[in-house]
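J.: Start from the sequences and build out the full structure, keeping to the hints where you can.
If you read the protein sequences in the order shown, they are chains A and B. To get my numbering, take the position in the first sequence, counting from 1, and add 1. To get my numbering, take the position in the second sequence, counting from 1, and add 5.
Stretch-level coverage of chain A by chain B, calculated; a stretch enters the list once three of its residues show a Cβ under 8 angstroms from a Cβ in chain B:
#1 10-18
#2 26-32
#3 35-41
#4 50-64
#5 69-82
#6 91-101
To give an idea of the interface, some chain A residues facing chain B are shown, with a C-beta separation under 8 angstroms as derived from the structure:
#7 Met2
#8 Phe3
#9 Leu4
#10 Asn5
#11 Gln6
#12 Phe7
#13 Gly21
#14 Ile44
#15 Val47
#16 Ile85
#17 Val86
#18 Leu87
#19 Ala88
The hints are simulated quantities; they were obtained by calculation from the structure and are not laboratory data. Backbone N, C-alpha and C fix where the C-beta goes; we use that ideal spot for every residue, glycine too.
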Amino acid sequence: MFLNQFLLLAAALFCIGVYGVIARKNGVMVLMSIELILNAVNINLVAFSTMWFHAEGANPLAGQVFALFVIAVAAAEVGVGLAIVLAIFRNYKTVDLDQVDLMKG
Amino acid sequence: MIGTLLAAAAQNADAPVLVAQNVAFGIIAVLMVFSAIRVVTAANVVHAAAFLVVVLAGAAALFILLGAEFVAITQVLVYIGAIVVLFLFGIMLTRAPMEGSEKMSRDNWALAGLSGFVLLVLLGYSLWDGFGRSKIPGDLQPTDTGALSDVIFGQYLVPFEVVSLLLLAALVGAIVIARRD
Chain A
2 MFLNQFLLLA AALFCIGVYG VIARKNGVMV LMSIELILNA VNINLVAFST
52 MWFHAEGANP LAGQVFALFV IAVAAAEVGV GLAIVLAIFR NYKTVDLDQV
102 DLMKG
Chain B
6 MIGTLLAAAA QNADAPVLVA QNVAFGIIAV LMVFSAIRVV TAANVVHAAA
56 FLVVVLAGAA ALFILLGAEF VAITQVLVYI GAIVVLFLFG IMLTRAPMEG
106 SEKMSRDNWA LAGLSGFVLL VLLGYSLWDG FGRSKIPGDL QPTDTGALSD
156 VIFGQYLVPF EVVSLLLLAA LVGAIVIARR D
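T.: Set out below in structure tokens:
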């Protein structure tokens with residue numbers, strides 16, 4: 002297996018997630034696209050961790066530990082993000098991000 | 006540091022070709038890219054959540070392919086078990102449009118697609134330029150979960166505690182933000 006096949010797949014997922022964050026109207030869908038981006042990063046971390054498993058001077062499991070940290074931070078992010086979307090829905094009666102422009106300059 | 010890593014990469018450049026793993030990777034990759042595109046284009050929000058499950062399960066399968074079994078199990082437990090359920094609750098509570106009656110994309114979707122594509126080309130070129138045909142070691146073994154826990158509770162003990170504090174803060178913050186008062 003080449004390292005690049007994992008990295009290119011992760012890059013594709015990342016770019017699809019970026020498209021979703023920019024293009025989607027629904028606040029929940031934007032959060033889902035952010036999950037795609039975080040998953041792409043996780044694939045990269047684990048692939049690098051496996052790639053240099055035999056390398057000298059590096060902790061071979063550091064990549065996996067960081068992937069676990071990313072999963073934990075993603076859980077926290079989704080909790081707060083959905084709470085914000087719920088608060089927006091309660092105040093504006095919509096989750097359409099185009100209509101949430103209170104702080105637009 | 007970088008030199009050591011590159012030397013290690015060159016050392017296993019003649020690693021054996023793993024046919025079964027490559028076939029499995031191809032199937033998983035096609036499934037994941039298709040489902041990810043459906044996540045960002047589906048008109049029905051619940052369908053998008055279902056496709057997100059496929060992407061997350063594919064990522065877990067890739068972790069197993071890479072020998073990171075504990076990360077794969079955590080991915081299934083936390084992502085598919087908890088985060089997707091949270092998303093479904095969010096969809097339910099916000100009564101998001103279920104049908105394709107409303108427009109799901111903003112007006113600038115073409116520009117978003119263009120920027121995503123340009124980013125993909127840039128990333129792809131730099132990855133190809135940087136890593137070329139360097140191979141993952143052929144003698145993969147599943148990661149010893151005990152060794153992983155030694156690393157977490159040894160070298161990374163302080164970050165681990167900070168993450169638990171972050172989860173507590175996120176829990177309190179989510180309750181405060183979403184509370185009806």
